[in-house]
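Protein chains in written order, with our numbering: chain V, 1 to 558; chain W, 1 to 165.
Derived by calculation from the structure, the hints in this document are not laboratory data.
You may find that some hints are simply not true.
[Said to hold, decoys possible] BS3-like cross-link-like pairs, simulated, lysine-lysine; straight-line CA separation at most 25 Å:
#	chain 1	residue 1	chain 2	residue 2
1	V	171	W	75
2	W	65	V	188
3	V	142	W	75
4	W	65	V	184
5	V	171	V	280
6	V	289	W	65
7	V	36	V	135
8	V	302	W	134
9	V	302	W	65
10	V	132	W	75
11	V	302	W	4
12	V	8	V	126
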Amino acid sequence: MIVEALKKEGVEVIFGYPGGAVIDIYDELYKTPEIKHVLVRHEQGAAHAADGYARSTGKVGVALVTSGPGATNTVTGIATAYMDSIPIVVLTGQVPTKLIGNDAFQEVDITGITRPITKHNFLVKKIEDLPKILKAAFYIAKTGRPGPVLVDLPKDIQQAKGEFNYPEEIKLRSYNPVYEPHIKQIEKAYTLLEQAERPVLMLGGGVIASNASEEAVKLAEKLNLPVVMTLMGLGAFPGEHYQALGMLGMHGTYYANMAVANCDVLLAVGARFDDRVTGKVDAFAPGAKIIHIDIDPTSIQKNVKVDVPIVADCKRALTRLLEVTKLVGRPKKYWKERFKDWWEQIDIWKKRYPLSYKEDPNYIKPQFVIEKLYELTKGEAIVATEVGQNQMWTALFYKFKYPRTLITSGGLGTMGFGFPASIGAQMGNPEKLVIDIAGDGSIQMNIQELATAMEQKLPIKIIILNNGYLGMVRQWQELFYGKRYSAVKFNVLPDFVKLAEAYGAVGIRITRPEEVEPTLKKILSMNTLVILDVHISPEEGVFPMVPAGKATTEMILV
Amino acid sequence: MSEKRHTLSVLVENTPGALARIAGLFSGRGFNIDSLCVAETLDPTLSHLTLVTHGDDQIIEQIIKQLRRLVDVYKVVNVTEEGEYVEREMALIKVRAEKENREEIFRICEIFRCKIVDVSPRSYVVEVTGDKNKLEAVIELLKPMGIKEIVRTGIIAMKREKKST
Numbered sequence: 001m002i003v004e005a006l007k008k009e010g011v012e013v014i015f016g017y018p019g020g021a022v023i024d025i026y027d028e029l030y031k032t033p034e035i036k037h038v039l040v041r042h043e044q045g046a047a048h049a050a051d052g053y054a055r056s057t058g059k060v061g062v063a064l065v066t067s068g069p070g071a072t073n074t075v076t077g078i079a080t081a082y083m084d085s086i087p088i089v090v091l092t093g094q095v096p097t098k099l100i101g102n103d104a105f106q107e108v109d110i111t112g113i114t115r116p117i118t119k120h121n122f123l124v125k126k127i128e129d130l131p132k133i134l135k136a137a138f139y140i141a142k143t144g145r146p147g148p149v150l151v152d153l154p155k156d157i158q159q160a161k162g163e164f165n166y167p168e169e170i171k172l173r174s175y176n177p178v179y180e181p182h183i184k185q186i187e188k189a190y191t192l193l194e195q196a197e198r199p200v201l202m203l204g205g206g207v208i209a210s211n212a213s214e215e216a217v218k219l220a221e222k223l224n225l226p227v228v229m230t231l232m233g234l235g236a237f238p239g240e241h242y243q244a245l246g247m248l249g250m251h252g253t254y255y256a257n258m259a260v261a262n263c264d265v266l267l268a269v270g271a272r273f274d275d276r277v278t279g280k281v282d283a284f285a286p287g288a289k290i291i292h293i294d295i296d297p298t299s300i301q302k303n304v305k306v307d308v309p310i311v312a313d314c315k316r317a318l319t320r321l322l323e324v325t326k327l328v329g330r331p332k333k334y335w336k337e338r339f340k341d342w343w344e345q346i347d348i349w350k351k352r353y354p355l356s357y358k359e360d361p362n363y364i365k366p367q368f369v370i371e372k373l374y375e376l377t378k379g380e381a382i383v384a385t386e387v388g389q390n391q392m393w394t395a396l397f398y399k400f401k402y403p404r405t406l407i408t409s410g411g412l413g414t415m416g417f418g419f420p421a422s423i424g425a426q427m428g429n430p431e432k433l434v435i436d437i438a439g440d441g442s443i444q445m446n447i448q449e450l451a452t453a454m455e456q457k458l459p460i461k462i463i464i465l466n467n468g469y470l471g472m473v474r475q476w477q478e479l480f481y482g483k484r485y486s487a488v489k490f491n492v493l494p495d496f497v498k499l500a501e502a503y504g505a506v507g508i509r510i511t512r513p514e515e516v517e518p519t520l521k522k523i524l525s526m527n528t529l530v531i532l533d534v535h536i537s538p539e540e541g542v543f544p545m546v547p548a549g550k551a552t553t554e555m556i557l558v
Numbered sequence: 001m002s003e004k005r006h007t008l009s010v011l012v013e014n015t016p017g018a019l020a021r022i023a024g025l026f027s028g029r030g031f032n033i034d035s036l037c038v039a040e041t042l043d044p045t046l047s048h049l050t051l052v053t054h055g056d057d058q059i060i061e062q063i064i065k066q067l068r069r070l071v072d073v074y075k076v077v078n079v080t081e082e083g084e085y086v087e088r089e090m091a092l093i094k095v096r097a098e099k100e101n102r103e104e105i106f107r108i109c110e111i112f113r114c115k116i117v118d119v120s121p122r123s124y125v126v127e128v129t130g131d132k133n134k135l136e137a138v139i140e141l142l143k144p145m146g147i148k149e150i151v152r153t154g155i156i157a158m159k160r161e162k163k164s165t
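Take the sequences, apply the hints, and build the full model.
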């Protein structure tokens with residue numbers, strides 16, 4: 001019945017790991033060739049892979065694991081998806097209903113454990129409820145502000161026979177996400193933009209989640225708005241577009257942070273004003289009237305005071321805003337002229353501190369690797385990252401062109417996310433080039449998934465920016481803790497080339513700057529999994545940087 | 001911004017986990033619960049929950065929005081902000097009732113319209129219903145006699161209907 005429901009939901013692939021409490025589902029899967037099962041090597045990998053699949057395709061990702069430790073191993077993966085509003089459904093096995101609460105073998109209260117990190121979760125207690133709950137799980141995961149949903153399935157429920165009436169539609173009286181914006185609010189937003197002298201458009205992950213990039217680009221181009229993006233928003237607006245100022249926040253560009261700090265109207269779409277974005281809240285866009293579009297009312301007025309709140313789906317809100325703009329009918333030329341002085345100022349900032357790094361003939365610079373990678377892939381690849389310096393260098397130097405091409409753990413900042421997520425992304429996009437930008441720390445956190453990727457013959461390219469350090473923590477220690485490098489140096493690192501070979505993949509190591517381009521070219525043309533171990537300058541930092549709790553204008557630039 | 005006490009009336013799906021989800025929301029986000037009272041409604045698939053909390057306007061707004069965000073929550077009303085309302089709480093107070101103070105306890109009960117619901121040779125159980133102020137007044141007056149135990153229900157509240165049509 002469960003597998004039948006998955007078929008009805010159009011599930012093509014499941015990431016999972018079997019065990020005693022899900023053996024009945026696996027027996028059913030054995031007879032269901034139309035659903036592809038990817039056997040991971042650790043359940044955390046299953047959750048991240050489902051997540052990577054969801055981020056890159058926009059569909060719901062599915063993970064299937066057994067009870068007890070199988071279920072608890074998914075917790076980090078679920079929390080990662082929750083923080084970034086990613087639609088996944090996690091199916092966990094559970095001990096038979098009559099044993100629940102008994103401390104039975106491999107029993108754990110997984111609905112209790114995951115309550116604060118799921119959008120919703122269910123424990124199925126009666127076979128009659130099963131179809132409705134599974135329908136609801138997928139519906140809740142993908143509608144409104146998306147998020148992970150967990151369904152706990154006791155073994156006797158899996159074995160029970162019952163009438164299978166899978167509902168075509170579902171209506172939940174207590175769950176009614178608002179999609180359509182209040183038109184009065186849209187008009188107010190437009191009026192503010194009309195009165196603005198120095199506007200900024202800020203795009204967050206919600207723009208990508210609601211597939212609203214096209215509308216965002218249209219609006220920005222029509223009104224001549226400078227565009228900044230949060231980490232989760234990268235790709236919502238083409239990174240190389242003249243109007244793109246890149247990422248804002250702690251590791252944002254100088255000109256993005258300056259533009260936001262000096263703007264008089266900030267139109268924020270699908271962003272939640274996380275502390276990494278705002279820095280010191282009182283000093284964030286201090287002179288600006290803020291228009292905030294978000295599907296989740298709790299995101300609005302949570303961290304910053306908003307002048308025009310708009311609760312709506314980003315796509316619909318931007319569409320309405322475009323309609324109002326059209327109705328008023330000011331020509332493009334008008335907006336060009338209107339914000340000319342503002343753009344002149346921004347161009348001064350851009351020239352003053354462009355995004356840069358110091359070149360060094362003796363060392364490979366990580367920024368250079370990412371720049372070259374962007375050039376060679378022309379921005380057509382799906383790029384997953386781990387967490388730390390590798391993530392920030394990628395965010396700054398890879399100019400994401402399209403939505404859903406950056407797969408990164410923004411909210412939770414989960415090390416070990418990128419590689420299993422890229423397995424999910426490659427499963428969902430077999431024809432695309434998938435790259436995982438890793439650090440030598442992060443990659444070791446889910447290295448076991450190499451076997452999974454090899455088994456599925458996935459030609460993922462793992463590029464390890466290897467500095468032998470937990471680089472981001474080292475950078476903080478260097479800047480704010482008197483260079484006391486506590487527990488950040490790896491004295492033992494595996495030989496990543498041999499490690500790749502041990503799994504039957506290709507491993508290559510480079511240590512000289514002149515090797516970067518030819519080697520990247522070579523591996524990008526290979527149709528196999530490659531680990532490229534890039535030895536980078538060991539004490540390279542990520543800049544610009546706003547120290548935690550400081551105003552975003554107080555940047556350390558190099 | 002000043003902190004204020006708010007009484008919220010919440011209708012939730014009568015499902016296992018709904019209450020845990022609400023309690024978890026308050027502890028996880030650092031909100032306060034002063035009192036909480038839950039019971040079935042006319043519709044057995046819905047539970048009614050009266051929750052008293054305090055905080056400044058922004059916190060109360062967040063609490064209400066966060067509650068509404070829960071998939072199981074059907075309706076949230078901030079009773080305190082919606083005009084006139086009736087608020088009641090009940091307490092059972094076990095008080096030492098020696099020969100010399102029985103008269104006095106009786107008198108207090110009469111003035112406050114309390115009931116004595118259990119009598120033993122050395123103690124009474126007093127049932128008192130009213131708003132927070134009344135309960136506290138009774139408790140203060142009974143204290144000198146020697147209160148052995150108090151159990152309170154927590155507050156329930158209901159909006160008053162409009163007086164004119």
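TODO: Determine which of the earlier numbered hints do not hold for this structure and return their numbers in increasing order.
DONE: 5, 8
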